[in-house]
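Construct the entire structure; sequences and hints are all you get.
Protein chains in written order, with numbering that gives the first Met the number 0: chain X, 0 to 247; chain G, 0 to 268.
All the pointers check out, no bait thrown in.
Below are the SDA-like pairs computed for lysine to any residue, each with C-alpha atoms no more than 20 angstroms apart in a straight line: (1) G:263 <-> X:12; (2) X:120 <-> G:103; (3) G:21 <-> X:128; (4) G:23 <-> X:128; (5) G:107 <-> X:83; (6) X:94 <-> G:111; (7) G:260 <-> X:12; (8) G:107 <-> X:100; (9) G:107 <-> X:13; (10) G:21 <-> X:124; (11) G:107 <-> X:98; (12) X:120 <-> G:104; (13) X:120 <-> G:111; (14) X:120 <-> G:110; (15) G:107 <-> X:14; (16) G:23 <-> X:125; (17) X:94 <-> G:110; (18) X:116 <-> G:110; (19) G:21 <-> X:93; (20) X:5 <-> X:53; (21) X:94 <-> G:107; (22) G:107 <-> X:8; (23) G:263 <-> X:83; (24) G:23 <-> X:105; (25) G:263 <-> X:86; (26) G:263 <-> X:81; (27) X:116 <-> G:108; (28) G:23 <-> X:127; (29) X:116 <-> G:35; (30) X:189 <-> X:137; (31) X:46 <-> X:80; (32) X:129 <-> G:30; (33) X:120 <-> G:27; (34) G:23 <-> X:123; (35) X:116 <-> G:26; (36) G:107 <-> X:67; (37) X:46 <-> G:264; (38) G:260 <-> X:8; (39) X:94 <-> G:106; (40) G:260 <-> X:44.
Derived from the structure by calculation, the hints contain no laboratory data.
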Amino acid sequence: MVIILKNLCVDIPIYLQGYDRLLKKPTFLTRSVGANVNISSKQLSIKAITNFNLDIQTGDRIGLLGHNGAGKSTLLKTIAGIIPFSSGELVVNGKIGCIFDNGSGFSNELTGREIIKFYCKINYPNYSYKSILEDILDFTELGDYIDLPLRVYSAGMTARLYAALSTSTTNDILLIDEGIGTGDMAFQKKFVKRLDNYLSKISTLILASHSLELMAQYCDQGIIIEKGVKIFQGDIKNAIEIYKNGLT
Amino acid sequence: MKKKYKNTPKSIFFLLLVEPIKEKKWLSIGYLDVIQSYRRSFFGPLWITLSIAIQAISVTFIYSELFKVPDQREYYSYVVCGLIAWAWFSSLLTEMGNVFLSHASYLKNTTINKEQVVWAIGWKNVIIFIHNMCLWIIYWLFGAISVNINTLYIFITFPLVFFISLPVISALGLLFARYRDFSRLIASLITLLLIITPIFWRAEQLTGTRALLYKLNPIYYLVECIRAPLMGHEITAFTWLALILIGIFSWTILAPFYLQKKNKLIFWI
Chain X
0 MVIILKNLCV DIPIYLQGYD RLLKKPTFLT RSVGANVNIS SKQLSIKAIT
50 NFNLDIQTGD RIGLLGHNGA GKSTLLKTIA GIIPFSSGEL VVNGKIGCIF
100 DNGSGFSNEL TGREIIKFYC KINYPNYSYK SILEDILDFT ELGDYIDLPL
150 RVYSAGMTAR LYAALSTSTT NDILLIDEGI GTGDMAFQKK FVKRLDNYLS
200 KISTLILASH SLELMAQYCD QGIIIEKGVK IFQGDIKNAI EIYKNGLT
Chain G
0 MKKKYKNTPK SIFFLLLVEP IKEKKWLSIG YLDVIQSYRR SFFGPLWITL
50 SIAIQAISVT FIYSELFKVP DQREYYSYVV CGLIAWAWFS SLLTEMGNVF
100 LSHASYLKNT TINKEQVVWA IGWKNVIIFI HNMCLWIIYW LFGAISVNIN
150 TLYIFITFPL VFFISLPVIS ALGLLFARYR DFSRLIASLI TLLLIITPIF
200 WRAEQLTGTR ALLYKLNPIY YLVECIRAPL MGHEITAFTW LALILIGIFS
250 WTILAPFYLQ KKNKLIFWI
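Quick look at the structure:
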């Protein structure tokens, strides 16, 4: 097994403005989306993941389906070790790479070249900046813009840069949360080609997305999550069908 | 490679010392912080050096006239070395409140360890300290500072202070992330700390019970262990003792506190 989750629970405590100071407890109405809010204990919290069991083997390509706030991102971030879990067990065998929110932490005043350099040093310390530079320059077609600050880039150019950066090295396990659609039509074609090539080198993939097309293309298994609970696991086509029916 | 995430923590020395030294991402994050803070500024981090120079020159000129300081050359070096040391602590104090908040994007979206950003803040301030040392070199070239065997102690005390500050940055960074009022409190206390710490005035000027004002002030010892070697003075045994006690407090009280609460940090940023 590459990843094992046994009865995994994740409770996210909530700290509201004035909640500590004024001792006022907010009231919550029943919501159609999002996990359950627990207000019974002293600490207000969200039960983001409840008793989640999952065995992922090498070569599995899993798509996570669910409404906004169902717990897809929380599950990915828990597997990545970013969010701690409240109870249960989690075992990860292999090196994890994640594509969550690309480009966060970098100022718009930095040039494209500087971003590539620091992104590489912070996220891929085992790779040299020069080893990925040429590939990124070639793929993004940024030309002279590479030495200009990011604030003069268009949204599409920025997206190209980060898309190239996030797919410039490989890991054993890849966790992707949304945002891998980029740029104009011509670039999208180029990116799909790159993504195909990139994902073919990844042995295990967990993808959370609202794009069912992307899921069908890159995943072989689907998991539907609702309010932090796994309600279905099986073939991706069946999962998409069940998820679609649930939406109507 | 096998990772088994459990809620049982690793040793604090491993987390705060061994792992960051092995990974070294803090070198890039700290340097990036400096670049991003001073981008499009002509002087960059030298602005801090310039402001120390302006402060040191004006204060030494005014105070030496007001209080009729007998040895002006000695007083010049005392103030400038004190301000260089103070700049390191005041910057650490103000930035440690935001250590996790300002790096929230890394902590929320990448698998980077929290300790890497703790070291990054320390490293950023080391870079600024090195810039400020230009001022010390200028004073030395003009003969206001004497360099002797005692100066070499800076290579012991500076890493020692860095070592002591790691649990302080981590624990207070956590506390400040949870209770946002603390960083505002520190910002308003910085000026008071500057006034009560012997930077512009000498510790020997206070005698009797009044001396407790600096004797009970831990920042005095942290400043003194940097200032004394920079001035070519010997570090007193009492300062060494105070440093050891601060170090013990830092690693036995603050470090375990950080270890105990660090898992909750992600919910506070």
